[in-house]
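Got chain F; can you put chain X on it based on the hints?
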Amino acid sequence: KNEVEQSPQNLTAQEGEFITINCSYSVGISALHWLQQHPGGGIVSLFMLSSGKKKHGRLIATINIQEKHSSLHITASHPRDSAVYICAVYLYNTDKLIFGTGTRLQVFP
Amino acid sequence: GAVVSQHPSRVICKSGTSVKIECRSLDFQATTMFWYRQFPKQSLMLMATSNEGSKATYEQGVEKDKFLINHASLTLSTLTVTSAHPEDSSFYICSARKEFRTGNEQFFGPGTRLTVL
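Taken in sequence, the protein lines are chains F and X. Convert by adding 188 to the 1-based position in the first sequence; the result is the number in our numbering. Convert by adding 280 to the 1-based position in the second sequence; the result is the number in our numbering.
Bound conformation, chain F alone (with noise of 0.2 Å):
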């Protein structure tokens, strides 16, 4: 079983849909990042959080630490959107990054 569990693996939704990815961990942590990786292209960080909630534009990222989940949400997607997003945990005191395994995003207009 991986320390890291995102579902769902695959998702497909229609533009302007709301969208949840998911993402729990077995691992005790001090940190977790959710990125985004575009087809060929390199990762960008859209939010490293340790507690509560995190907002920009139109992502919000969740996380509850005593039911070590969190959650990734995008409100009214867009094709734009469409790419593979990883959760990532700081395993605790430690540099090191767990990763899931990546949810693969398409958006259709």
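Think of the hints as simulated: they come from the structure by calculation, not from any bench. Glycine included, C-beta positions come from ideal geometry on N, C-alpha and C. Do not rely on the hints blindly, as some may be mistaken.
Below, a list of computed lysine-lysine pairs in the DSS-like style, where the Cα atoms sit at most 30 Å apart [claimed, not checked]:
| no. | chain 1 | residue 1 | chain 2 | residue 2 |
| --- | --- | --- | --- | --- |
| 1 | F | K242 | F | K256 |
| 2 | F | K256 | X | K321 |
| 3 | X | K378 | F | K256 |
| 4 | X | K344 | F | K284 |
| 5 | F | K284 | X | K335 |
| 6 | X | K321 | F | K243 |
Per the computed footprint, the stretches of chain X lying under chain F, defined by three or more beta-carbons under 8 Å from a beta-carbon of chain F, are [stated by the list, open to error]:
| no. | segment |
| --- | --- |
| 7 | 324-330 |
| 8 | 384-395 |
Just chain X, lined up with the frame of chain F:
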């Protein structure tokens, strides 16, 4: 800001040659950088941790003589793939650790796609 660059973005080389990939933190100093490898449709795999002024720490199963890492300054780490073979073809991504008052965060480079013929 926290910008990390990689060079080259794409490289094609012949089997047996060596390839050097550079990772630079453009607007901050990074005592620690990380090198990852990513296979198609898979997640990132940590290869090694690069520490400025000291030897890199390699993950289990990564050949240190094959993947040479040099972190000679606070803004530059290099990964040299020596005697490259087709199985070394992959997407290599670096990250640089930036220290904040509240903790550390990794910022990723755009990646280098290596194709060995």
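>> I'd like to know which numbered hints this structure contradicts. Please list them from smallest to largest.
In response: none
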